[in-house]
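*Asks:* Given chain A's structure and the hints, the job is docking chains B, C, D and E onto it.
Protein sequence lines, in the order shown, are assigned to chains A, B, C, D and E.
Numbering-wise (full-length UniProt numbering), the first sequence opens with residue 1 and increments by one.
Numbering-wise (full-length UniProt numbering), the second sequence opens with residue 1 and increments by one.
Numbering-wise (full-length UniProt numbering), the third sequence opens with residue 1 and increments by one.
Numbering-wise (full-length UniProt numbering), the fourth sequence opens with residue 1 and increments by one.
Numbering-wise (full-length UniProt numbering), the fifth sequence opens with residue 1 and increments by one.
Hints in this document: simulated from the structure, not taken from any laboratory.
Be a bit skeptical, because a hint or two may be false.
To be verified - Reference listing, derived: stretches of chain C covered by chain B, where coverage requires no fewer than 3 residues with Cβ under 8 Å from a Cβ of chain B:
#1 163-177
#2 206-219
#3 276-282
What the hints assert, rightly or not - Keeping only pairs whose Cα atoms sit at most 27 Å apart, straight-line, the calculated DSSO-like set for lysine-lysine is:
#4 E/K137 to E/K17
#5 A/K17 to A/K84
#6 D/K198 to C/K198
#7 B/K84 to A/K198
#8 C/K182 to C/K137
#9 B/K17 to A/K84
#10 A/K84 to A/K182
#11 D/K17 to D/K137
#12 B/K182 to C/K137
#13 A/K84 to D/K182
#14 B/K84 to B/K198
#15 D/K292 to B/K84
#16 C/K84 to A/K84
#17 E/K161 to E/K182
#18 D/K84 to E/K84
#19 E/K137 to E/K84
#20 C/K137 to C/K84
#21 D/K292 to D/K182
#22 C/K182 to B/K182
#23 D/K17 to D/K182
#24 E/K137 to E/K43
#25 C/K137 to B/K84
#26 A/K182 to A/K137
#27 B/K137 to A/K198
#28 A/K84 to E/K182
#29 E/K161 to E/K17
#30 D/K182 to E/K84
#31 A/K182 to A/K198
#32 C/K182 to D/K161
#33 A/K84 to E/K84
#34 D/K17 to C/K182
#35 D/K161 to D/K182
#36 D/K292 to D/K17
#37 A/K84 to B/K137
#38 E/K161 to D/K182
Here a beta-carbon is modelled for each residue, glycine too, at the ideal position from N, C-alpha and C.
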Amino acid sequence: MVVYPNHNWMVVLTTLKGSILIRIAPRILMITLLAVVIVFFEKSYPDLFINVSATPLTLLGLSLSIFMSFRNSSCYERWWEGRKMWGLIVIETRAIGRETVSIEGHPLREEIMMLICGFAHAMNAHLRRQDEWEAAKPWIANKDFEYVDNLSDTILNAIAKRFAALHAEGAITELRYLELEKRLWSMSEAHANCERIKNTPLPFPYTLLLHRTTFIFCLLLPFAMAQPLGWLAPFITMVVSYTFFGLDAIGNELEDPFGNEVNDLPTNAMVRVIERDAYRALGHTELPPAMKPIDHVLS
Amino acid sequence: MVVYPNHNWMVVLTTLKGSILIRIAPRILMITLLAVVIVFFEKSYPDLFINVSATPLTLLGLSLSIFMSFRNSSCYERWWEGRKMWGLIVIETRAIGRETVSIEGHPLREEIMMLICGFAHAMNAHLRRQDEWEAAKPWIANKDFEYVDNLSDTILNAIAKRFAALHAEGAITELRYLELEKRLWSMSEAHANCERIKNTPLPFPYTLLLHRTTFIFCLLLPFAMAQPLGWLAPFITMVVSYTFFGLDAIGNELEDPFGNEVNDLPTNAMVRVIERDAYRALGHTELPPAMKPIDHVLS
Amino acid sequence: MVVYPNHNWMVVLTTLKGSILIRIAPRILMITLLAVVIVFFEKSYPDLFINVSATPLTLLGLSLSIFMSFRNSSCYERWWEGRKMWGLIVIETRAIGRETVSIEGHPLREEIMMLICGFAHAMNAHLRRQDEWEAAKPWIANKDFEYVDNLSDTILNAIAKRFAALHAEGAITELRYLELEKRLWSMSEAHANCERIKNTPLPFPYTLLLHRTTFIFCLLLPFAMAQPLGWLAPFITMVVSYTFFGLDAIGNELEDPFGNEVNDLPTNAMVRVIERDAYRALGHTELPPAMKPIDHVLS
Amino acid sequence: MVVYPNHNWMVVLTTLKGSILIRIAPRILMITLLAVVIVFFEKSYPDLFINVSATPLTLLGLSLSIFMSFRNSSCYERWWEGRKMWGLIVIETRAIGRETVSIEGHPLREEIMMLICGFAHAMNAHLRRQDEWEAAKPWIANKDFEYVDNLSDTILNAIAKRFAALHAEGAITELRYLELEKRLWSMSEAHANCERIKNTPLPFPYTLLLHRTTFIFCLLLPFAMAQPLGWLAPFITMVVSYTFFGLDAIGNELEDPFGNEVNDLPTNAMVRVIERDAYRALGHTELPPAMKPIDHVLS
Amino acid sequence: MVVYPNHNWMVVLTTLKGSILIRIAPRILMITLLAVVIVFFEKSYPDLFINVSATPLTLLGLSLSIFMSFRNSSCYERWWEGRKMWGLIVIETRAIGRETVSIEGHPLREEIMMLICGFAHAMNAHLRRQDEWEAAKPWIANKDFEYVDNLSDTILNAIAKRFAALHAEGAITELRYLELEKRLWSMSEAHANCERIKNTPLPFPYTLLLHRTTFIFCLLLPFAMAQPLGWLAPFITMVVSYTFFGLDAIGNELEDPFGNEVNDLPTNAMVRVIERDAYRALGHTELPPAMKPIDHVLS
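Chain A extracted, bound-state conformation (with noise of 0.2 Å):
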């Protein structure tokens, strides 16, 4: 996720970082000369050429960008969600926290709350296709439970039964043992709405059909720009097109939050977060630091 610190105006129409400007570049320099040769066969052949009615194309380009507005809201949610969820594993995070505060000093608290760490770890390795395994094992590590598959869940059950243990040894009550499960619940839920953003794009058709009619739309634009703007035709052409292509590239990256590139969402940091938490309702006083946004960028 890219941060800063404010927006001044000034700074806003210049910066590259986090800009998708890199991304869709070739494609708007392709479309802006493609621009230039035709002005320049316009201005050399002004009778053979054939001027294109600039109606149509508005058209096309407003339906365009009441369609993607659709998708862009529509990818936006889904990025948006996945903070939530992460907010989610912070919020269950303390209050499994305080709500154990009654059996402070307790070796299985302790245990807990270091399996939540790795449970954190594991879903961030998962949904950013990374070795979860690896990611989870600082904090699992001889914990001693099998890992056949899924190991954000499994983790999940490990904490279920240490609750069962504490319960069965009386340390908490059938009640709160109950509401303690109802935290693993709202991870539970966290975790699964996670994977489905992760698993479930946006139905293909959307995706394809916005991205070709862009493009034919993009292609067309400097056919109808030619002859009414002239040598202003690439100019304009090169705007809208960033426009266009632009928006197209964000709806892609917000789409799937959970990535490593630079709009993504900052669950390295969140993953910290849940570390500190826990580390705090344990009472250290010494947490592993705060993430901080590397180059504007926080990972």
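*Replies:* What follows is chains B, C, D and E alone, placed relative to chain A:
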């Protein structure tokens, strides 16, 4: 559901998989041919040709875009809600496994997990209009219950009876019994919500009105394009009608997300996830394999 | 609710069922005739004809589309919420059946399930402005309660008294009594929400303003279309006014989803679903038949 | 709230009730007169008249529509949420009646139901900026509690004390006490949410910006319409400014849904519904009459 | 937050308070001056002037409106969610007061209410990037807890310990303890959600893209307006750029609703509401005064 490992923009421009192109090709072709005929006529008998001003078409096209955007976003929400409901069943399956961890090994627990698989299979078959009894049989055979109607709900009742039996024999407390019943409530909610989406399509007049207006709009397009664009008119007409017919067709596909078409939800794969979760909860280490996309389609 | 087995696009183009065409036909006809007269006048006395520029009309038409889209989406949400509330009653009926499985055979349980059917009938009749007492009588006769006002809520109270009696005689525990009361709370919520939708229409000025602007817009259309389009003007006017009057009328129909019109919610069919669920919960094997669409309409 | 038995489209075209027409009439008249003057000037001194191209106005008008649609939908959501919150109080009133059915006849139960009526009256008066103490007095007199500030919340506390007393004397169990407290929580939530809607208007700059742009847009309209439309310009200007001023004014009315204007929520009628529910719960058979719309307005 | 007693439309036209006019004045001025220069150039050297057709600008402007509307509605939702979260803390403060009514007078109860005030102050200071320790000190002094990090959460933990102590000494039952813990959970949720809104701005590329396109659009405006509008062009340009820069700036202000600017949420006033509720719950009759808007601004 169509799955592409990455959205390379060149691939996206050219793939046919998951595109609704094939379904709407006849309509597009018809409109394009009409455009060719009309341009030919306009070139041959310019005096007889009545030019249609583009203004009313622009108005119609933009109004259409606005309303189609509303319909598409409603259809997408149905599709996404369907996915959420299946996700809820996954969450609850895991929760039942986790919350019965204290009676690990109890024969009723195993029966319950198998019945959950049966529930998922029955619901999936029902939503896909297949034989629900046939689909669920391997999981519910000899489970001794009467099937009258609505197999999924009948299975939930069978599970409820087993929870009651566990409580009656003292294996679980009253509180835990109620907690487990809440899980069944959630599954019943997911089931009823999927039935709602399946059985209550978008109000029919919307479908009618938009379908008809789209058709008339595309029919009129070549008349308005023939004079200003000449031989470019068929191409532009093709692109515009592709966009409008395409969005109309995508809406139709997403309206009922539980079919067998390529863009429908991968509910077979989700049922497999539930199976795997059920087996893992029972301590099995050999799980049925997760489903993989076949030719980029997850069914 | 209009039900079509599949959305064959040729059928959709030609069917009249469920279309709002019949309702708005007079208005469309009037506008079309006006257009014919105006074109005739323009052809006969071109010098006297004052051409109306299309620009203000385009502006008015697009603004209208944007606001009508807002109204339509609000009306659709009301319709959809109405459906969800009926779905909630189905879910709770099943849950009450499931959660009382441990007292199977108890005469009060049977009475409760019948009262639920009575509740559904009374609510349906009330929302459809029919005689609620008449509708619920077969289910609540001899159930000994005083009817003052608001029959559905009175029945919920009667059910609550039976739950209290079950608890008083020790058939169900306090916890389970509270769980069952939660089911009644949900039913009461569904009931109150449907009353809200029924009794609180969209703010009247929206309806007024959009209705009037639509009418004026359609009246002005032929004036703007007569000169540029000639004899095509009546046709185009017809198409555009069909779209706008049509969306206006659909909004009106969906605003109150509980009527007896073809596009209203199939609440009779839903009440039958509840009846079937109630009987199935009681172990009956002969259920009242599920309702089938008559001439593609489910009532 | 304006209530019309049916939406006959001819009635809707002509009624003044509930229309915002009266409020915006001066503005519309002003703009229309301006248009008359401008057309007169244009006809008299065509050489001096500077024609304003319609293109920037179309752009401004459509942008305005898009943003006004956003504002209107936000205001409508506030209005609808306000209605939901009052509905929630109705639901909870009924639930408290239902859940205390086992202590029917207990004097504290009667007191509680009367306090709920007082709560509703106090909240209604507070939201309508009337004297809350005066409004609630008939219901809370001699109920012995200190009024410092925030009468509605003080009454909820008084109810809570009675619940605690019922629990202390053994009339209700701890579990049921907590269940009843949940009902109070909901009422407190409804109360706080209505306060939120009342006290936190839409961000002021939106109101400012849209109000101003609407005004300038309508002022410029006649300049752009005078030449192309001639004497039709004042009429078209009137229609367009009616639509835009109208939507601006509706947004303003709905922003605060708790006033005494015709389009505000019928909270007096809702308070009466709560009274009736309270009396019915107490077994009264003579209820205060439900409120009827007076001259199509329910207050 | 800017508060106006009523929305008199003449006042609204002229006030500067709360307007973003001052912030965007330099940009508008720059564009207007540019327009003056360009019109002057066009009038002086009409042959050298390259007229920019308005069509691409209309397309760009409308696309921009559509996307900006999406951004604005997202920012508004963040602002509104922030307000809801503060409202939730008010609801929970009142609920804790109400639910501890049975231990009125207990010294721990007083401590808890003071800690809640401290929590609100700490959270407010944190969200406004002020010194949280300084802000909360008067309420949490001598409350004996270690401050490592995240003061608000630390205070919630301190409250949880007091609840546990109340339970341990038998003042409250286990059930009531859990109920109170739910209130803390809600407060923790409100806290985490506000942190989410504060720390996770809208995806940066949206801000970038819209900001840049708005700027280029406004820069191009005078070129397109100079020829058709003449000396009216600077005025129209000013109005249009006021609308677009204005909406861009409002979006920026609402994106982070927890600052100290005039349009930010009045969280100081909300903290005071919480203080008053806490004191009232403790039976105080002299409450700190509710905050009043100063010069129409509530901070």
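*Asks:* Which numbered hints turn out to be false for this structure?
*Replies:* 2, 4, 9, 11, 12, 15, 21, 23, 24, 25, 27, 29, 34, 37
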